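2 protein chains.
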Amino acid sequence: MDVWIAGAGMTRFGKRDVALLDLMAEAALAALADASIETPDAIMVAAMNPEEFTGEGNYGSLVGTYLGLSHVPALRVETATSSGMAAVYAGFASLAAGLHRSVLVVGGEKMTQLPTPRVSEIIGRSIDPHERSYGSTMPALAGLITRAAMHERGFVLREISQVAVKNHAHGARNPYAHFQGPVTLEAVMESRVVADPLRLLHCCPISDGAAALVLTTEPASVRIAGIGQGTDSIAVRYRPELTSFRATQAAAEAAYRMAGFGPERVEVAELHDAFAPFELISLEDTGLVPSGKAGRATLDGETAVGGRLPVNPSGGLKARGHPLAATGIAQLVELVWQLRGRAEGRQVPARVALAQSIGGLASNNWVTLLEARR
Amino acid sequence: MDVWIAGAGMTRFGKRDVALLDLMAEAALAALADASIETPDAIMVAAMNPEEFTGEGNYGSLVGTYLGLSHVPALRVETATSSGMAAVYAGFASLAAGLHRSVLVVGGEKMTQLPTPRVSEIIGRSIDPHERSYGSTMPALAGLITRAAMHERGFVLREISQVAVKNHAHGARNPYAHFQGPVTLEAVMESRVVADPLRLLHCCPISDGAAALVLTTEPASVRIAGIGQGTDSIAVRYRPELTSFRATQAAAEAAYRMAGFGPERVEVAELHDAFAPFELISLEDTGLVPSGKAGRATLDGETAVGGRLPVNPSGGLKARGHPLAATGIAQLVELVWQLRGRAEGRQVPARVALAQSIGGLASNNWVTLLEARR
Numbered sequence: 014m015d016v017w018i019a020g021a022g023m024t025r026f027g028k029r030d031v032a033l034l035d036l037m038a039e040a041a042l043a044a045l046a047d048a049s050i051e052t053p054d055a056i057m058v059a060a061m062n063p064e065e066f067t068g069e070g071n072y073g074s075l076v077g078t079y080l081g082l083s084h085v086p087a088l089r090v091e092t093a094t095s096s097g098m099a100a101v102y103a104g105f106a107s108l109a110a111g112l113h114r115s116v117l118v119v120g121g122e123k124m125t126q127l128p129t130p131r132v133s134e135i136i137g138r139s140i141d142p143h144e145r146s147y148g149s150t151m152p153a154l155a156g157l158i159t160r161a162a163m164h165e166r167g168f169v170l171r172e173i174s175q176v177a178v179k180n181h182a183h184g185a186r187n188p189y190a191h192f193q194g195p196v197t198l199e200a201v202m203e204s205r206v207v208a209d210p211l212r213l214l215h216c217c218p219i220s221d222g223a224a225a226l227v228l229t230t231e232p233a234s235v236r237i238a239g240i241g242q243g244t245d246s247i248a249v250r251y252r253p254e255l256t257s258f259r260a261t262q263a264a265a266e267a268a269y270r271m272a273g274f275g276p277e278r279v280e281v282a283e284l285h286d287a288f289a290p291f292e293l294i295s296l297e298d299t300g301l302v303p304s305g306k307a308g309r310a311t312l313d314g315e316t317a318v319g320g321r322l323p324v325n326p327s328g329g330l331k332a333r334g335h336p337l338a339a340t341g342i343a344q345l346v347e348l349v350w351q352l353r354g355r356a357e358g359r360q361v362p363a364r365v366a367l368a369q370s371i372g373g374l375a376s377n378n379w380v381t382l383l384e385a386r387r
Numbered sequence: 014m015d016v017w018i019a020g021a022g023m024t025r026f027g028k029r030d031v032a033l034l035d036l037m038a039e040a041a042l043a044a045l046a047d048a049s050i051e052t053p054d055a056i057m058v059a060a061m062n063p064e065e066f067t068g069e070g071n072y073g074s075l076v077g078t079y080l081g082l083s084h085v086p087a088l089r090v091e092t093a094t095s096s097g098m099a100a101v102y103a104g105f106a107s108l109a110a111g112l113h114r115s116v117l118v119v120g121g122e123k124m125t126q127l128p129t130p131r132v133s134e135i136i137g138r139s140i141d142p143h144e145r146s147y148g149s150t151m152p153a154l155a156g157l158i159t160r161a162a163m164h165e166r167g168f169v170l171r172e173i174s175q176v177a178v179k180n181h182a183h184g185a186r187n188p189y190a191h192f193q194g195p196v197t198l199e200a201v202m203e204s205r206v207v208a209d210p211l212r213l214l215h216c217c218p219i220s221d222g223a224a225a226l227v228l229t230t231e232p233a234s235v236r237i238a239g240i241g242q243g244t245d246s247i248a249v250r251y252r253p254e255l256t257s258f259r260a261t262q263a264a265a266e267a268a269y270r271m272a273g274f275g276p277e278r279v280e281v282a283e284l285h286d287a288f289a290p291f292e293l294i295s296l297e298d299t300g301l302v303p304s305g306k307a308g309r310a311t312l313d314g315e316t317a318v319g320g321r322l323p324v325n326p327s328g329g330l331k332a333r334g335h336p337l338a339a340t341g342i343a344q345l346v347e348l349v350w351q352l353r354g355r356a357e358g359r360q361v362p363a364r365v366a367l368a369q370s371i372g373g374l375a376s377n378n379w380v381t382l383l384e385a386r387r
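Listed in order, the protein sequences are those of chains A and B. For my numbering, add 13 to where a residue sits in the first sequence, where the first one is 1. For my numbering, add 13 to where a residue sits in the second sequence, where the first one is 1.
Heads up, some of the hints might be wrong.
[Claimed, not checked] A partial selection of chain A residues facing chain B, derived with a Cβ cut-off under 10 Å:
1) Val132
2) Ile135
3) Gly243
[What the hints assert, rightly or not] Beyond 12 Å from chain B on every Cβ pair, some chain A residues (computed):
4) Val31
5) Val76
6) Leu82
7) Gly104
8) Gln126
9) Leu157
10) Leu170
11) Pro210
12) Leu213
13) Ser257
14) Ser304
Hints in this document: simulated from the structure, not taken from any laboratory. Values in this document were obtained by computation on a predicted structure and should not be read as measured data. We put the CB at the ideal spot given by N, CA and C, even for glycine.
Given these sequences and hints, build the entire structure.
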């Protein structure tokens, strides 16, 4: 059974002085209004760790009650930083199984009220416990992967930095983005070191926000053509390959198989650039750019709005921001707007779109393919 | 598409000096061995709050990696204390949608290493934030509901206490149970007050443990005939009715509708007796006993092993124990063993079974119906 996206909505991302429940409600109500649906058959909620970030749990019931939909079945889905897309998958499965006809998917996170070291500690719980016991953090592991990619795959710091420049330029055109201003290549390359060779402007910010979709079995403007999950060892030390993500490759393969087409039909993409080099790795892992070509394609402007294959027209995690469980859903919200021709100021011509979301240090990734209704 | 249970396994519940991952692995490997499946197509993991109970997150990836199945898609599902059955539902949906042919569902919790007040605090996150701000705890709210049920519905403390006596007697026959000894009616009624009128032996213990099932599209010994979710306001103060659970009623209605039969065919049940009076409420909410008759039926031995409708032959949450996200799965493990005729020492004659799981203070409940293969 085909599954469609009938509604999309999100909050502005950034440092938001608003409770997580209010952010979730704002996004959910926008998506429901967009779909002209008041009461969905079910609600899938994504939040990575609301207990520690906000002190509240039982988040499926909490969101349902807060929306005035306490009689609608609601559950929470979690796959670390890709939880949003995992919730989309859970909604997709329940519709494809014929268990429901419409599902509200809503995800969000609220983190900026906490000190950064505490946020790092909470996010760090998604790292393998043994590796964490030696002091690994997400930026430290990403730095290690980046260094290896520069050595083994010839990634150059200028290419990596250009990802940030491009995505900030895109974010400046997106009123929902955390960062609204452009940055220069020099500013990126001279920003302070976070985890060598990664600098501050190679890393996504800590953001608050929420995003929501309404999925239906009734045809709407955009169809979920494919959705695939891929996993890998949570322990980075067990992976045969450090500089590409098996979890993305497996997710992409599953999504393309379901869709019945490959990367050649994709015209716009949202990729998980939590760290700028991850956009280059993901471009190749999804097959959107041939192996070894992602850096060059970025420097040449191929992946900018106006280029051959615009990537992260929203600004990506780098500039739109990364409220963890909101992110996978926000990627799809942006792509729905693009496919509908409603991405004012950053519109690209496209009928087929791809989103890729990374959970943890690429242990639990998702790829989703969207297609505009013919 | 029909969904079957091909494998079932669980750990002994109780105070276990073993890591949660090891408990999960023990249950998962037992279920996989029982199903004669080495590599399932997907893994659904249930844990209510592993981050705060154990310090670890990204639990889908962690369990998959620990099982040596890091390449198998894994995600985590959460609906507070009913998370186990929510994960069964997620597995059911992905099989019914044709996305997979076999799914490992594994859930567990590890709590006894923490001081009881900290466990209460973590569990308390599933209470409505406003009600919690006035000092509500789970036992306090359960006490309030019990008092109201005694007043409005004529529940008598002797009937409520008999639930505990019966379930301890059952648990004494179950080698997997937390408590292995019987208790007398006097001991229950004279145990110390926890939240008036509830006494210590009316309340389930804090337990560690894990349980697992393997679901398949290929016919096996037991079929999931129906599965339904029901929800209600997380805020107890918003409910029109305190002494019955709308969430159970809605879940039962959905499960019976899917199964195409009603409570009259059910011959054995596992109900969520986190507090002894909840077994009486749940007996009537599921329609297994007519309204107003649950107390009498319990005193008369109708719900004991050997009675007309054995309830909680495993010992229930009261005596088998309640490692939160393990519980909904453990209920189904017990019923699979019963339907297969493998519940030595406590076997009841049955071909159709019902399990009911309560999430939070009955905000997110599930009912599952199992049927032995003809």
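Next on the checklist: Restraint: isoleucine 135/A near chain B, CB-CB cut 10 Å. Satisfied or not?
Outcome noted: holds, 8 Å
Item to check | Distal placement of valine 31/A relative to chain B, Cβ over 12 Å | outcome: holds, 15 Å
Checklist entry - Against chain B, is glycine 243/A within 10 Å by beta-carbon distance? => result It holds, given that the least Cβ distance between glycine 243/A and chain B is near 7 Å, below 10 Å.
Next on the checklist: Checking a non-interface call: every C-beta of chain B should be farther than 12 Å from the C-beta of proline 210/A. Is that right?
Outcome noted: holds, 26 Å
Checklist entry - Once the closest CB in chain B is found, is it more than 12 Å from leucine 170/A? => result holds, 29 Å
Next on the checklist: For serine 304/A, is the shortest CB-to-CB distance to chain B above 12 Å, so the non-interface label stands?
Outcome noted: holds, 21 Å
Checklist entry - When you look at the beta carbon of leucine 157/A, is every beta carbon of chain B farther off than 12 Å? => result holds, 18 Å
Item to check | Distal placement of glutamine 126/A relative to chain B, Cβ over 12 Å | outcome: Holds, because the least Cβ-Cβ distance between glutamine 126/A and chain B comes to about 15 Å, which exceeds 12 Å.
Checklist entry - Can valine 132/A be said to touch chain B, with a Cβ gap under 10 Å? => result violated, 13 Å
Next on the checklist: Quick check for students: does the CB of leucine 82/A sit more than 12 Å from each CB in chain B?
Outcome noted: violated, 9 Å
Checklist entry - Are all C-beta atoms of chain B more than 12 Å from that of valine 76/A? => result violated, 9 Å
Checklist entry - Does serine 257/A really sit off the interface, with its C-beta more than 12 Å from all C-beta atoms of chain B? => result Non-interface label stands for serine 257/A: nearest chain B Cβ at 15 Å, farther than 12 Å.
The structure does not agree with the numbered hints 1, 5, 6, 7 stated previously, though it agrees with the rest.
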